[in-house]
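Here the protein sequences come in this chain order: A and B.
Residue numbering for the first sequence follows the numbering used here, beginning at 131 and increasing consecutively.
Residue numbering for the second sequence follows the numbering used here, beginning at 113 and increasing consecutively.
It cannot be assumed that every hint is accurate.
[To be verified] Chain A regions said to be covered by chain B (calculated; three or more residues, Cβ under 8 Å):
| no. | region |
| --- | --- |
| 1 | 185-196 |
| 2 | 294-302 |
| 3 | 437-446 |
| 4 | 482-496 |
Simulated from the structure, these hints should not be mistaken for laboratory data.
Quick reminder that beta carbons are idealized off the backbone N, C-alpha and C, glycines included.
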Amino acid sequence: MADEPRASTGSAVTEWFSTRIGGVLVPVAATALAFLIGGLVVAITGNNPITAYKAIFAGTGLNWFFPWVSGDARADAANDLQQTLILMAPLILTGLAVAFAFRCGLFNIGGQGQYWVGFIAALYVATNLEGTPRPLHVLLAIVAAIVAGGIWGGIAGALKATVGAHEVITTIMLNWIAIFGGTYLYEIGGPLQGPQESIPRSDEVFESAELWPIWGSLPALHAGIFIALFALVVYSVILNRTTLGFEVRAVGFNPEAARYSGISVSKNYFLALAISGAFAGLAGGIDLLGFKFSVDVGDFGTNFIAFTGIAVALLGRTRAVGILFAALLFAALEVGTSTRQLDPEVFEPALAVDLATMIQALVIFFVGAELLIVYIWRARTLLRPGQAAQPELKQ
Amino acid sequence: MSTQSRTALLGNGVRRLTEPRTIAILGIACGILAFWLALPPWTVRSVGGPLAAGFVALACGIAVVPRGERKLGWWAIALGVAGTLGAIWLQTKEAETLDSILTAGVLASTLRFATPLAFAAMGGIFSERSGIVNIGLEGMMLMGAFFGVWGAVWSGTWVVGLLMAMLFGGLLALIHAFFSIHLRADQIVSGFAVNFLALGVTGFLYSSIYPGGIETEVSRVPNVQLDFLYDIPLVGDLLGGVFGWIMFAVVILSYVILFKTPIGLRIRSVGEHPKAADTVGISVYGVRYGAVVTSGVLAALGGAFLSIGFVGTFTENMTSGRGYIALAAVIFGKWLPGWAFAATLLFGFGFALAIPLQREAGISENLISTLPYVLTLVALVGLIGRSIPPAAVGRPYVKG
């Protein structure tokens with residue numbers, strides 16, 4: 131967002147500085163500020179922020195990359211790192227789900243619903259079709275997840291395109307429909323409940339539909355990370371190298387101008403949300419096939435991964451590389467603050483989880499406000515004040 | 113080109129199907145259906161049918177009346193009420209088991225579900241009428257829920273709880289206002305961050321202040337014992353508690369302030385055309401700050417109802433999406449206090465139906481819980497073209 135518009139009147143050097151270095155500095159500064167405030171909060175509650183952050187960092191497994199860590203510590207670090215990377219894959223994808231729509235000027239807050247719909251579709255395919263050979267079964271389940279997520283996003287897109295229903299409201303409604311609908315499917319007596327009558331849980335997926343484990347065992351890092359990385363490439367190529375991407379960006383930058391140049395705004399609204407939904411649906415699919423293998427109805431209300439995806443997309447400034455690093459950061463933060471990783475003696479995990487949420491919120495605030503600071507800086511020379519480019523938000 | 117015209121054609125088709133008139137007629141049909149299903153030959157079968165049909169009739173009516181289709185819309189509402197009440201009444205006459213569940217029970221729990229929504233919806237109206245989108249209602253409710261309990265436990269009285277809830281809800285709204293108005297951040301991003309922040313802050317404080325949960329007795333907002341009112345089924349439910357009174361006062365005041373006072377005129381003009389308002393000497397920023405903080409205070413009251421008004425405790429993320437439903441009610445009610453309140457009652461009725469329907473008709477509670485959301489979606493599809501928001505909503509204003 132912030133790198134547009136390209137046509138700046140500043141010198142080439144300032145242009146390069148503001149788009150390249152400025153694009154990195156600001157998210158880094160926002161993150162640093164958020165962690166600083168988080169540290170203050172820790173200090174206020176009577177804990178030492180440095181030891182707390184150290185303990186959180188130790189749980190993320192990122193110290194695996196330090197060559198001097200060896201022996202048992204290295205094995206522990208490897209285990210932790212596997213968990214971080216497992217979480218990173220869906221975060222990349224839910225981040226992309228927000229980012230792609232954002233480039234079209236839309237705010238896709240419905241990643242959570244799209245994630246669950248993809249998850250459920252993959253679960254249906256993976257618990258049926260017994261005897262399908264492995265690569266095919268995996269492929270079918272993943273395609274089901276992508277299609278289902280795409281449809282769920284596409285509903286919001288179609289409503290936006292045909293009757294102009296605001297995507298924020300429709301995607302929020304679709305989230306809740308997916309959450310309650312999913313709970314209904316697997317609840318006790320629900321139509322897709324698993325074999326045990328007293329447990330509100332789905333069937334386990336067939337082994338032939340599981341993604342390949344590639345590292346470790348508790349649970350193992352699975353091949354989903356490669357799918358997520360590949361999706362990053364796809365995202366970048368679609369946006370920057372195809373007509374579709376050009377149109378989507380044109381609509382996002384200025385829908386009126388796009389319309390006058392012959393681009394169908396409503397078509398792009400629909401496609402942008404459908405593709406966004408497909409990314410989020412894929413996230414649900416790989417989570418299921420990679421390490422969850424079934425679902426408990428309790429999961430539906432307690433999973434916020436797509437909301438973290440919003441923070442990922444904003445911090446990564448909707449750029450593929452930015453999303454990669456932002457997903458790593460938030461995955462590490464969530465794993466590092468989980469009950470399993472954090473020593474309660476050092477810092478209470480119950481607090482740390484909420485600390486992580488707070489840090490995410492602060493990052494969104496600062497990055498969000500900064501976008502505007504860049505706009506204002508640009509707007510001085512480009513446009514009259516008050517007309518700075520903004521995603522169209524009128525309903 | 114062809115795709116474009118096809119989309120336009122589809123849009124027109126959908127529009128025609130969703131004209132208020134069509135919807136009103138559908139509502140009337142459902143109301144009649146509800147009444148007919150409730151009549152003797154069907155009574156013993158299931159109470160679900162007539163209740164659901166009555167619900168749809170009410171929904172159609174509430175959706176279309178503020179959008180211009182007055183006569184037919186009121187008919188749909190009247191028939192919906194008649195059908196629903198008729199169903200309840202006839203069913204209770206026929207089968208005594210339903211008695212306890214479907215008379216006072218449903219109405220009382222409709223109110224319980226609607227009260228927090230109504231507070232937040234009124235807040236949302238103030239904010240949006242002044243031109244600031246507020247999807248942070250959810251977070252402001254959550255602040256109210258936590259600080260209500262905190263204040264009540266700390267001081268021992270619910271009055272302080274309410275004040276604390278309002279104070280901290282207002283403070284969170286102030287953050288949203290600052291980012292939206294002065295920093296001109298994307299209002300949806302800022303509102304979303306507000307929700308996240310509230311989730312983190314309340315969870316953090318709850319875990320650090322009450323590590324073992326809240327052990328002391330929390331002072332709760334009392335019920336008013338007016339026996340002569342309490343005995344009347346509907347009125348007794350409506351006016352049984354202090355919160356019910358505050359809620360009605362807030363709804364009426366919201367209407368009066370917004371539409372009958374100079375302050376309301378200022379709020380609306382700032383939301384419709386800030387430049388014009390600025391030109392005649394209204395402080396756009398000042399009015400917007402005031403409206404957003406008011407919305408936070410009201411939403412926090414709604415949150416406080418959940419914690420100290422009803423259950424007397426706090427749990428993490430206890431608002432669980434109610435702020436978003438309130439936002440939907442604002443749009444459903446077309447940014448008008450009375451109709452937004454009707455929409456919250458409708459949603460409350462939808463949630464209240466879930467439990468008895470599961471017990472009596474075997475319909476899954478979770479499935480019924482999707483109803484208010486589906487309904488909002490359908491209403492948006494049908495009526496968004498005719499529910500015109502304040503013109504400047506979502507747009508930051510730069511002082512010229």
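Quick rundown of the hints versus the structure:
1. 185-196: violated (count 0)
2. 294-302: holds (count 7)
3. 437-446: With 4 residues close enough to chain B, the hint holds.
4. 482-496: It holds: at least three residues are needed, and the region 482-496 of chain A offers 12 whose Cβ sits within less than 8 Å of chain B.
Hint 1 alone, counting from the list given before, is not met by this structure.
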